[in-house]
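*Asks:* Kindly generate the complete structure, drawing on both the sequences and the hints.
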Amino acid sequence: MPWISVDAGRWVADVELSLSVNGRSHPIDAEPGETLLHVLRERLGLTGAKEGCSEGECGACTVLVGGRPMDSCLLAVHSVAGSEITTIEGVGEPGGALSPLQEAMVRAGGVQCGFCTPGFVMTLTALLADQPNPAEDDIRRALAGNICRCTGYAQIVDAVLTIAGGGR
Amino acid sequence: MQFHSPRTENEALHTLAELGNSAMVMAGGTDVMVQYQRGEIHPESLVHIGLIERLDEIAQNGTVRIGTLVCHRRLATDSLICARFPSLAEAASTVGGWQTQEAGTIGGNLCNASPAADTAPPLLVADAAVHLAHAGGGRTLPLSEFLLDRRLTARRPDELLTVVELPDPANYSGETYLKVGPRSGMEVALVGLAVRLTFTDDGATVADARIAACSVGPRPFRATVAEAVLVGSRLEQEAVAEAGQLLAESARPIDDARGLADYRRRVLAPLLGRAVDICRRRALGG
Amino acid sequence: MSVIGTSTVRTDGSSKVRGDAVYTVDIGLPGMLHASLLRSPVAAGQITRLDPSKALESPEVWSVITAADAPSHRHGLIIGDQRILASRRVAFEGEPIAAIAAETPRAARAAAATIELAIDEEDPIVDLDLAVAEGARLVHPDWATFRPVGDDFPRQGNVAGELLSDPPGVDDAFARAPLVVEDEYRAGRQYQAYLEPKAVVAEYESGRYTIHVSHQFPFNVRDRLAAALAVRPSAIRVVGHHIGGGFGAKLDLGIEPHAALLARATGRSVKLVQDRTEDLITCPSRENGVVRIRSAVGADGTILAREIDVLMDAGAAAGDTPILCSLPLLLAGGAYKVGPTRVRARAVYTNTAPTGAFRGVSGTYLVFAVESHMDHIAAELGIDRRELRLRNLMEDGDRLRNGQELPDASILREAFTRVEEMTPWANTGLGTYRGVGISATVWLTNPMPGSAVLKLHEDGTLGVVTAATDNGSGAVTMGVIQIAAEQLGLHPDDVVVTMPDTDTAAYDAGSQGSRTTHIVGRAVEAAGAELRTKVLRTAGEMLEAAPEDLELVAGSVGVRGVPDSRIPLADVAKEATFSVGPLSGSGSYATILPGYDPSCASGMLFPAFPTPTYHVHLAEVEVDPVTGNVTILRYIVAQEVGRAINPDGVWGQIQGGVAQGLGYALYEGLQIGADGRYQQRTLESYRLPIAPDIPRVEVIILEHPDPAGPFGAKGVAEPPVVPVAAAVANAVADAVGAPITSIPITPNDVLDALERAAR
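Chains as they are written, first to last, in our numbering: chain A, 1 to 168; chain B, 169 to 454; chain C, 455 to 1213.
It is worth saying that the hints were derived from the structure and are not from the lab. There may be inaccurate statements among the hints.
[Claimed, not checked] Here are a few chain A residues that face chain B, going by a calculated C-beta distance under 8 Å:
hint, residue
1, P69
2, L75
3, S79
4, D137
[Unchecked claim] The following label-pair restraints were derived from C-beta to C-beta distances:
hint, chain 1, residue 1, chain 2, residue 2, range
5, C, G485, B, E208, 28 to 36 Å
6, B, G441, C, Q610, 38 to 46 Å
7, B, T176, C, D577, 52 to 60 Å
8, B, G207, C, E841, 45 to 53 Å
9, C, G485, A, G23, 31 to 39 Å
By construction, the Cβ of each residue, glycine as well, lies at the ideal position given by its N, Cα and C atoms.
*Replies:* If you want it as structure tokens, here you go:
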């Protein structure tokens, strides 16, 4: 890993480093303080994560960092170099089948304008990995950091309930 | 701006010693990155400490030592914290959403020194201490002496908060953290109140009372005058009411975009009543 | 098998759930520049210095435009009272002063910060009563020179528009009434808070502008931008993209002129994206208002007469608020018979961001006022609140205050009954700190025109060319597609609808007022009938059968009753294309306004409620006596929809509409300081409803097919937000034992009300 111990026992982020996104390693040439969201959208062309508020209030930019959901608008890209990042583009098969959760989101009406949807899918993907059979309360609490202005949430909750417990 | 990401505590301390005031320490980034992107801070260097090993551990050896990088999500779900310091777990579970709880850390929450820092009241009622390391040494401060004012701590620029240390609660203790906000999540506390009560062996009398609040003054604080009223009491209605009134009087809330000072003050007394009931139930069962 | 009335899934669901649906914020074009706006930091003042020369020094900056480089005339939706860039005066915080194009968004923002700007500040006009008081300072001293787009309308000084209705008999009824009940209600501003901030990408080539935008009403962008730039509309092409929510805020012109001017100045494509705070403080939010209402009441609860006086905050530009002044007339009685009613409604200029359309325009707080007032009347008379409503409920043939007859208003009574069946009123909201509230309303379906061309592709699939927009409601991706599929006997997956493009499709009035399924659905029906006739003619020749004996089933055509005779639609399409030419049909539709009395009021710019629908909402709540927080225990909606083309779609619109109403009632408030600036400036302090707090709404769909609607459908999506604050406020008032007179209902208000009740 290129950032270890560059100079006098510390690393300064003006060396090349790489970001692992959806299993692919990308060399990153970003400015210090640049967010992961900016790098994903503007440098890697991965526009699935959306910028809704830029301060961790809406969750539209949620990605998984080592499997944990985080707001990519609040992550300095250099701070997550070395972690495995999963974005919405890494869920389901590229150009192929949707994940069961994605499929359920569409069927249950959990998608309206769709701008928040990638963030919801990421948070719920993490939830189902953690807790394959969540109750409605668990789902709603897990979603506190994801704002949907369209649906009123019930359909999103239903989407999870229909597949909870392994594809009922 | 430069971005430093030291891998060891030692590297971090040397970096801080060298950079001095020009450096901003960042752990999860949930506060720093917001301030940076809004243009509220203009650090010459960001020192990211999130990759430092062993600062994300929770250790138990007479006291419980929580590494500065332990995130809120972990605090909220860790079995030891939930069992022994439930008010801390409750507080951590109310910080933002799941995403911010995964990124935000206990050390960051304290060093950011927001008047609304959720983890501060439970740590204050736990008589927590913070370890501040610097190149070649370190010191330990009670949390109450670490949090000085709004956005101001006793941390010197060359110091790193490495560990938060909590003495075990006494037997027959019960504690809780109650957070006030219109929504049941994603709130910056309008009022945050942590209470820990310790009862005498017979369960009748309050042997020790600790009350701490956030978001009702420039810094989270212990309401010692109110505590004194409860000690020795049997939680009679009048005692609890008097403590509530003293608590409200010790608050220095302000109006802001989230809520009114009057509101913050008026909920304190009845909130204490509710907290006291929960503490009693948790301490004594039933 | 019919697809009407079935819950097909939306056709854009897959791309949205994958994250590959392209919104305007996602667009990148070759050589594209990025723009930023310098906006006024203060609410009112005179610009004394504006020098952009430092900004131009940056090698990354391509252009800086100020008022000196922009058209100087004023433009507006119905009256020219806005400028693209402020020249001498600023009238609200956030008013654009300069526009910068640079290589990167960061460079554009940095350049904006280097522009030298000095403003001689004035005390802003903020308070509505003070704004209309005698001798008030004028927000626009030159208001008299403003030119209306169409006919002029009543306006004067800070009053940007005024509706007056003064029928005979009002004073007489008040003089004789045994009881007069009087109230004042206040409502705050609500931010639409769509998740995709406003964004635009503009191109300029050979004298034509192309505007890429996620907009609810592309043709309005075309026409408004043309007027603002003083070019003809056909010089502008507006291309619509997926819309990350709009809720009314993306109906009028926004930041398109700034991007267009920069594109022309630089010869490059220019992208302008607002950050969240910029978006919030300049959004045409739902207007704040003050409602003063007074009723003359008989001892049996009959409402003999009423007076209602409404102040509506237009902000620093009229926008659509003078139009909305008609709502207090149309909703003066709510769902009830109220006798002669005097109405005065004024749109008021203030030094605040211009307000505008938000789902359920003005109705949200008018119904709150009317229904809270009903509870007050019931309390004065000691009559049960629901009973009072049933006694006064409109029946078939009753009229709104504009004279419009409602031939089917008894649907309201059916809705009350159905809600009662779900939860008996007498047993609901019982218990300490618990309460129940009920509210009802009539709402409209927007009548404005739409069109569609249906073309049969050579593979047997159907293309629908329309400028209708799907703002997320599913009106296009479910409703329009289902109606089109039904016409040709196809599966919805075999229908593709174009994204809106003003060069391609004929005029469409956008996603507003629940109009798309109803209006565009009718246009599609007509287009489908024409196409169907052509298909059957060709198929008849191929099958040697009379067209009237043929049927379209599952992508094929055959002789009715002879399954073996079926041939694929693709074969018919190919045969036609290469013999008589490709098959298509076209249709257009607009609702003719229902009859009303044009002499009933002056300033009536929105004179009737076409295609009315009927709504009853019930909320059961619990309040926390310590914190004043309100929990929604149960929420029930009975909504009349004509016919549900897609029941899941209807259900989803009701869930989402109620959630926005709950936000309006309990959490969301844009407060304006004495300095004219919003106090809530991010989504941290502007609280949107979150998943743990929003209940699953129990939905009763009432179907009374509308002969004028496609398969009977009326508008669905807008009204679920309308009666929510009313139901919640009445439930909270019931829970605490004291009236609630302002929304949003803050926890502090609840504690105040509890204290009042205890006294």
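*Asks:* Are the hints correct? Go through all of them and say.
*Replies:* Hint by hint, here is what the structure shows:
| no. | hint | verdict |
| --- | --- | --- |
| 1 | P69 | holds, 5 Å |
| 2 | L75 | holds, 6 Å |
| 3 | S79 | holds, 5 Å |
| 4 | D137 | violated, 11 Å |
| 5 | G485/C / E208/B: 28 to 36 Å | holds, 34 Å |
| 6 | G441/B / Q610/C: 38 to 46 Å | violated, 56 Å |
| 7 | T176/B / D577/C: 52 to 60 Å | holds, 58 Å |
| 8 | G207/B / E841/C: 45 to 53 Å | violated, 59 Å |
| 9 | G485/C / G23/A: 31 to 39 Å | holds, 32 Å |
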